[in-house]
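We have chain A already, so just place chain B on it with the hints.
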Amino acid sequence: MDYQYIIDQLPYSEPFLFVDEVLSVSEDNISGTYTFKKDLTFYEGHFKDNPVTPGVILTECMAQIGLVCFGIYLLKDETSSEKINLALSSTEIDFYCPVFPGEKVKVVSVKEYFRFNKLKCKVKMMNAKDEIIAKGTISGMIVNRYLK
Amino acid sequence: MTSEEIYTKLEPIIKTYLPEDVSAKEISRKSDLTRELNINSAHLVDIILDIEDVFNIEFKNEDMEQLRNVDDAILLIKQKTLAI
Numbered sequence: 001m002d003y004q005y006i007i008d009q010l011p012y013s014e015p016f017l018f019v020d021e022v023l024s025v026s027e028d029n030i031s032g033t034y035t036f037k038k039d040l041t042f043y044e045g046h047f048k049d050n051p052v053t054p055g056v057i058l059t060e061c062m063a064q065i066g067l068v069c070f071g072i073y074l075l076k077d078e079t080s081s082e083k084i085n086l087a088l089s090s091t092e093i094d095f096y097c098p099v100f101p102g103e104k105v106k107v108v109s110v111k112e113y114f115r116f117n118k119l120k121c122k123v124k125m126m127n128a129k130d131e132i133i134a135k136g137t138i139s140g141m142i143v144n145r146y147l148k
Numbered sequence: 001m002t003s004e005e006i007y008t009k010l011e012p013i014i015k016t017y018l019p020e021d022v023s024a025k026e027i028s029r030k031s032d033l034t035r036e037l038n039i040n041s042a043h044l045v046d047i048i049l050d051i052e053d054v055f056n057i058e059f060k061n062e063d064m065e066q067l068r069n070v071d072d073a074i075l076l077i078k079q080k081t082l083a084i
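Chains A and B, in that order, are what the protein sequence lines are.
Mapping the first sequence onto the UniProt record's numbering, position 60 (from 1) lands on 60, and the numbers just tick up by one.
Mapping the second sequence onto the UniProt record's numbering, position 62 (from 1) lands on 62, and the numbers just tick up by one.
Some hints could be false.
Said to hold, decoys possible - Subject to a maximum C-alpha distance of 25 Å in a straight line, what follows is the list of computed DSS-like cross-link-like pairs (lysine-lysine):
1. B/60 <-> A/120
2. B/9 <-> B/80
3. B/78 <-> B/15
4. A/120 <-> B/25
5. A/106 <-> A/122
6. B/60 <-> A/76
7. A/135 <-> A/122
8. A/124 <-> A/135
9. A/48 <-> A/83
10. A/48 <-> A/111
11. A/120 <-> A/76
12. A/111 <-> B/60
As the list claims (entries may be wrong) - Only some residues are given here: those of chain A computed to face chain B with a beta carbon under 10 Å:
13. 12
14. 89
15. 90
16. 113
17. 117
18. 118
19. 120
20. 136
21. 139
22. 140
23. 141
24. 143
Hint data in this document are derived by calculation from the structure and do not stem from the laboratory.
Since this is a predicted model, take the numbers as computed values, not measurements.
From the three backbone atoms N, C-alpha and C, an ideal C-beta is built for every residue, glycine too.
So here's chain A without its partners, still in its complex pose (with noise of 0.2 Å):
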């Protein structure tokens, strides 16, 4: 599959959308990148004259590549031709690192299980130096895919 494909199938646009690329996704996990452009209007007031990536910024990076994504490829099947749009229904996130603006994140998301429209997903986020940014469980459901 076309990774470029997933990232067109997001419903997200600018100023929403965080995942910049897919690097590999396959039935049991998948990783992708981010970078945290300078200019995103958020930094103006997180914190003042401070700028820091706000933690639901970070958990909302991990759920478009950890569970967004990674459930466009698993779905990949369906016929449907309507996108698919996922509901975020729980997440526990632990943060470990800031994230400064202009900044490049990897997002790596596994598998627990995908079942009756509900994806779970065990997700951490990563920077350039390979340290743990953030890590957690995130879960969605399929709010527009009616059960076969």
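Relative to the frame of chain A, chain B by itself:
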């Protein structure tokens, strides 16, 4: 297994996924899992997966369509444990 025996094992599973504002006392065999007990669709999947482990059975997508209240779950579990 009788319905009562199944219910004894099933009730603690459901309790785990009840929202905080729903009391465990509200669980009865007629309780609608999503409408009355307010369990969301993601937790309904967790309940199914726990049932599979506890009763050593497997659910299919079409089983989900028949699952509305606690008695539906008991009936499904009964059919599947008999089939083994």
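Hint check against the structure, violated hint numbers in rising order: 4, 9, 10, 13 and 20
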